[in-house]
Amino acid sequence: MKKKLISIILTAVLIVGLSAAVMAETDKYGGVWKDALQSNPPQMDPAQSTDTKSAEMIYQLFETLVEYDSEGNIKPLLAESWDISEDAQTYTFHLRKGVHFHAETEGGTPTANGGREVTAEDWVWTFNHITSPETKSPRAYFIDMIKGYDAYRNGETDKLAGVRAVDKYTLEVELEKPFAPFLGTLAYNTFVVMPKEDVNKWGEDWNFHPVGTGAFKFESWEQDSVVRMSRNDNYWMKDEDGNQLPYLEALEFRIIPDYTMMWEEFQIGNIYQTYVDDPFYLDAKENYPDTFFELPQLGTYYYGMNVEKEPFDDKRVRQAMNYAINREMMIELVQNGRNTPAKGIIPPTMFGYNEELEGYSYNPDKARALLAEAGYQDGFEVTLQYNTSKGHKRVAEALQAQYRQVGIDVKLQNLDWGSHLDSVERGEAAFFRMGWVADYNDPDNFLYVLLHSDNIGPEGNYARFSNERFDTLTEYARLETDPEKRKQAYQQAEKIAVEEAPWVFIYHYTTHSLVQPYVNNYELPAFGQHANLFRDVWISK
Amino acid sequence: MFAYFIRRTLGVIPVILGVILVVFILTTIVPGDPARIMMGQRGDPETLKLIRKEMGLDEPTHVQLVKFYKDVFTLNLGRSYRNNMTVIESIKSRLPVTATLAIGAMIIAVVLGVSIGIYSATHQYTWQDYLSMIFSLLGIASPVYFVGLIMVIIFARKLGWVPGTGLGNGEWIYYVLPILTLGVRPMALIVRLTRSTMLEVVHQDYVKTARAKGLKEKAVIYKHALKNALIPVITIIGLQTASLLSGVMLTETIYSLPGLGRLSIQAVTNRDFPIIRGVVLFMALVFVLANLLVDLSYGFFDPRIRYE
Amino acid sequence: MSDKNLNKKSNLKSEGLKETSDTLLKDSWRKLKRNKLALVGMSIVILFIIVAILAPYLTPYDPVEQLIWTEGAAVKLAPPSADHLFGTDLYGRDILTRVIYGARISLQISIAAMSISVLIGIILGTLAGYYGGIIDDIISWIINVLYAFPFLLFVIAIVAFFPPSLILTFSAISLVYWMSIARVVRGQVLSIKEKEFVEAARALGVKDWKIMFKHILPNIIAPVIVQATLGMGSIIMIEASLTYLGFGTQPPTPSWGYMISAGQGYLAQGQWWWGVFPAIAIILTVLGFNLFGDGLRDALDPKSR
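Residue numbers (this note's numbering), protein chains in the order written: chain A, 1 to 541; chain B, 1001 to 1308; chain C, 2001 to 2305.
Read the hints as simulated data drawn from the structure, not as lab findings.
Mixed in with the good hints, there may be bad ones.
What the hints assert, rightly or not - Only part of the chain A face toward chain C is listed, based on derived beta-carbon distances under 8 angstroms:
no., residue
1, Y169
2, M329
3, L415
4, D416
5, L533
Claimed, not checked - Listed next, with one range per pair, are the computed distances between beta-carbon atoms:
no., chain 1, residue 1, chain 2, residue 2, range
6, C, L2190, B, K1158, 40 to 46 angstroms
7, A, A112, B, L1296, 47 to 53 angstroms
8, B, R1007, C, T2023, 39 to 45 angstroms
9, B, E1054, A, K541, 36 to 42 angstroms
10, C, L2190, B, K1213, 36 to 42 angstroms
11, C, S2191, B, K1227, 23 to 29 angstroms
12, B, F1155, A, P517, 24 to 30 angstroms
13, A, M237, B, K1158, 15 to 21 angstroms
14, B, L1296, C, E2199, 47 to 53 angstroms
15, B, F1155, C, T2023, 48 to 54 angstroms
Unchecked claim - Derived lysine to aspartate or glutamate pairs resembling DMTMM-like cross-links, with alpha carbons at most 20 angstroms apart:
no., chain 1, residue 1, chain 2, residue 2
16, A, K136, B, E1054
17, A, K136, B, D1058
18, B, K1158, A, E176
19, B, K1049, A, E134
20, B, K1049, A, D150
21, C, K2076, A, D283
22, B, K1049, A, D283
For every residue, glycine included, the Cβ atom is placed at its ideal position computed from N, Cα and C.
Please construct the entire structure, taking both the sequences and the accompanying hints into account.
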């Protein structure tokens, strides 16, 4: 024991000494960042991207007007500052000067835009491009509150009236009606500035030749194998000492589909960052105390119950489903305690979270009593539909055993993500796994989107929950601008939804990242690992 | 012989037509909507309609089938639903990896398989014979995904003999484990086949004559027996193409290699129908052509076979 | 003429079939006994079947009961011990018990898939071989077309596109496996139908189906049994690959492929028992069927006497 301690101290001293030496020599520069993605990103065209793998790539290559800081607050990015009009319907963005599109890409080939400066006109073009019906962007509707959106989509006008360039560095966006979380929406990875010359040059193949303003420029994308990016020497951001950012010379994202193999590669040292699947969690925590990052994420994991279908048309059954499971123990034993048990819908780090919310706790007797009251004293059989994934299966298998204890026989059925989503949206699945991670940091993105009766079906309300009082409250909070009033409205609405229980509330997600000990300045974003940036990361190896 | 050549080649046509039909059926008459997958969670119905129309999903089935035959013959296979890359390009970019794996595995399988097979046959019912049979059969019986992981843990993490999974910068060392993993199955089949045909041939008259003439045992085996034992091996190379193309699916997934096998599995889970169609057609075509070649090459290897 | 034929027919019945098949059987058994590997294979196969049938009597544990909820973390991934010879899994289930019940699932699926394959294969193979002509052309065409597909991709596509169930799994497997049987049967029938006793029966005006059933079928059984025994191994592998990839049987059903897949990460982590024991079970079983099948082929093949 003593021997071991001494050797640990010795190694520590050695490492500190070594890294000090390396530091002096390299002075935070250089190095290739080696990373891994679990699947090939489908899209590097910001207008088409809907998934986190694509988002991670896009955040390196492109930039938005505003971004989130590590606490989840909005901060300037390409917009240095902004003013919001009295009626909360006009946003005026003052753009950063000296921001240039990439001049070179893919091994030094000049881009079509030639590396020119970004102006307000580029933003106007980009917003028109994204919302144009021809682009068919699946995320255009995120900004459907901008004035003239419908007219432009229907072809009544040939441009988006609400977005205007006041002068070279001033952009004005006018909304149809107030929308409190508007700035948050703009931080989403679709709303980045794109150079029209390159977008037009590549046409259908633009997805494979992205050009933006980000800290890194695109080099190559070998499908299913690796994505390579190199430093943008012309990047606008400097560190506090005035040094040019980014420090890293290049980024390399290998695609490793199997989490176990990813872990092996991390152990060998071939990659600097890895996803930590449940089997490796304790190991990661123990062996990398300083570089294993975990944060509560703005997301909720739930089992939806279609309130129009038997037996879930009975509120008592839905409540029984919530009383029957032991969330704490499941998270503790099956997931190594890495998530937070959910009492309701809004995640703990989101604005409007209600600490006093009572929610449901494990109470099998009450579950049985409620079932008996609803006429199911002998229990019932139901199929839980989930999308194929080891993690979902792990949770489902545990909860299945708990439901059996109160007489509910849960059969499991997995489908690929697309088919799962399809049947859930059509209301065909009575009982289904679902999760939601915020697009923007506001309860509107949870309560209104997922449970307002206007959104029943594909728009997000898969449980087909409908409650008049809930609808009124969430609509009111959408338009209201006073934070305190909004918060109260959301908390009231959430209470109704929890009481009515259209979901089995299971847990709030945690996001995490494990990086090698020789990685410096890595910051895990509250929004999720996929939003991580490498602007000022450096390697001391 | 020429007539046979023509007839055998023309015989491929109905098979290919049938393959196209089955691919169409497989990707059309299934539940679920590929347009949904493109939209992700919370898509708006309006854009969904636009996408479905563009994909031609709103047309009647027979119209789609006729169009599909036309598309295949004009090599107009469309673009991936998922990333908009043309199907031809998607296949082309994955082909080198899969071809390297398949050809490498086949070479290993033939070289090792024939050698072990001969050895086994000449040592029938000895412990060496049993050992080589068990060894090769273990190759058939071990699940790729299990062996792959064990190999990576041992050879990459513990011993450091190979740098890891993936492609690196294309160095040959990255192909060693995957080729071995992929090659054991055809190798085992070739061992079994070589062994049994060798045993059969050894007892035949002309070999016995050769022996009686006083030729050395080795010469008998290599000159007479082996030549004839190789014919079924050629057949199995053709037939094993299909099983290799199945094998690459698991091998490429476990070793993080960007090949056709992984492309096809992903396409299936994403219901990326243009890619599924393209890859399945391509693999079936390779199989049909490989077997055509094998059939036609018999004449060169075995003069006794006459083309009726 | 007719007298002669009659004689021939009765000859065939008494010697041609029964006696030769009796001696063939004895002869084969003698050969099989000499082949030690085949005996080992046979023992494994028999053991596998016994374990599958007697599963509930071989273990005191329930294959799906999760002990962690009552006994806590102590039974979570507990290493092999006297209580749990193969250790426990993440949910505190006894792995030995799940391996034993897994044999049951494997056997069910492979027998179901193989029976369908053999049935379709014999019917279509016999029809094609016996009638020849356009019938043969059509059936051979179907076989050649389906043969051209990479079988695993084909099965995965079918299983992935429809909601999973046990029936779907074995139907999909038999859909790609029957061709191997049909090919063998067709070849055999082609050679047998030229034989004297069949021609004789035909000349006598015996109905086609009767000829096929009475004269041809008994003569093709041996190669079909060999092919089916070897095929059982392949089918067990396919089923395990499917569940490994997340298709096929669903939890809590204990399936070997799923156990390997679930235990894989823990295996890399040193908690090897969840993944390794089912893997050994698969390897042994498949090995057993292959050794036994090989031995059967050598024993039943009149050429290798």
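Hint check:
1. Y169: It is violated, given that the least Cβ distance between Y169 of chain A and chain C is near 52 angstroms, above 8 angstroms.
2. M329: holds (7 angstroms)
3. L415: holds (7 angstroms)
4. D416: Since the shortest Cβ distance to chain C is 6 angstroms, the answer is holds.
5. L533: Constraint on L533 of chain A not satisfied, violated at 29 angstroms.
6. C:L2190 / B:K1158: 40 to 46 angstroms: Violated - the Cβ-Cβ distance for L2190 of chain C and K1158 of chain B, about 55 angstroms, lies outside 40 to 46 angstroms.
7. A:A112 / B:L1296: 47 to 53 angstroms: The hinted range 47 to 53 angstroms holds for A112 of chain A and L1296 of chain B, with Cβ atoms some 51 angstroms apart.
8. B:R1007 / C:T2023: 39 to 45 angstroms: With a Cβ separation near 42 angstroms, R1007 of chain B and T2023 of chain C satisfy 39 to 45 angstroms, so the hint holds.
9. B:E1054 / A:K541: 36 to 42 angstroms: 49 angstroms Cβ-Cβ, so the 36 to 42 angstroms window is violated.
10. C:L2190 / B:K1213: 36 to 42 angstroms: Taking Cβ atoms as reference, L2190 of chain C and K1213 of chain B lie about 37 angstroms apart, which means the hint holds.
11. C:S2191 / B:K1227: 23 to 29 angstroms: Check passed, 26 angstroms falls within 23 to 29 angstroms.
12. B:F1155 / A:P517: 24 to 30 angstroms: holds (25 angstroms)
13. A:M237 / B:K1158: 15 to 21 angstroms: With a Cβ separation near 43 angstroms, M237 of chain A and K1158 of chain B fall outside 15 to 21 angstroms, so the hint is violated.
14. B:L1296 / C:E2199: 47 to 53 angstroms: violated (34 angstroms)
15. B:F1155 / C:T2023: 48 to 54 angstroms: holds (53 angstroms)
16. A:K136 / B:E1054: holds (11 angstroms)
17. A:K136 / B:D1058: holds (18 angstroms)
18. B:K1158 / A:E176: violated (63 angstroms)
19. B:K1049 / A:E134: Given pair K1049 of chain B, E134 of chain A holds - Cα atoms ~13 angstroms apart, limit 20 angstroms.
20. B:K1049 / A:D150: Holds: K1049 of chain B and D150 of chain A sit about 17 angstroms apart, inside 20 angstroms.
21. C:K2076 / A:D283: holds (16 angstroms)
22. B:K1049 / A:D283: Violated. K1049 of chain B to D283 of chain A sits at ~48 angstroms, over the 20 angstroms cutoff.
Consistency note: the structure conflicts with the earlier hints numbered 1, 5, 6, 9, 13, 14, 18, 22.
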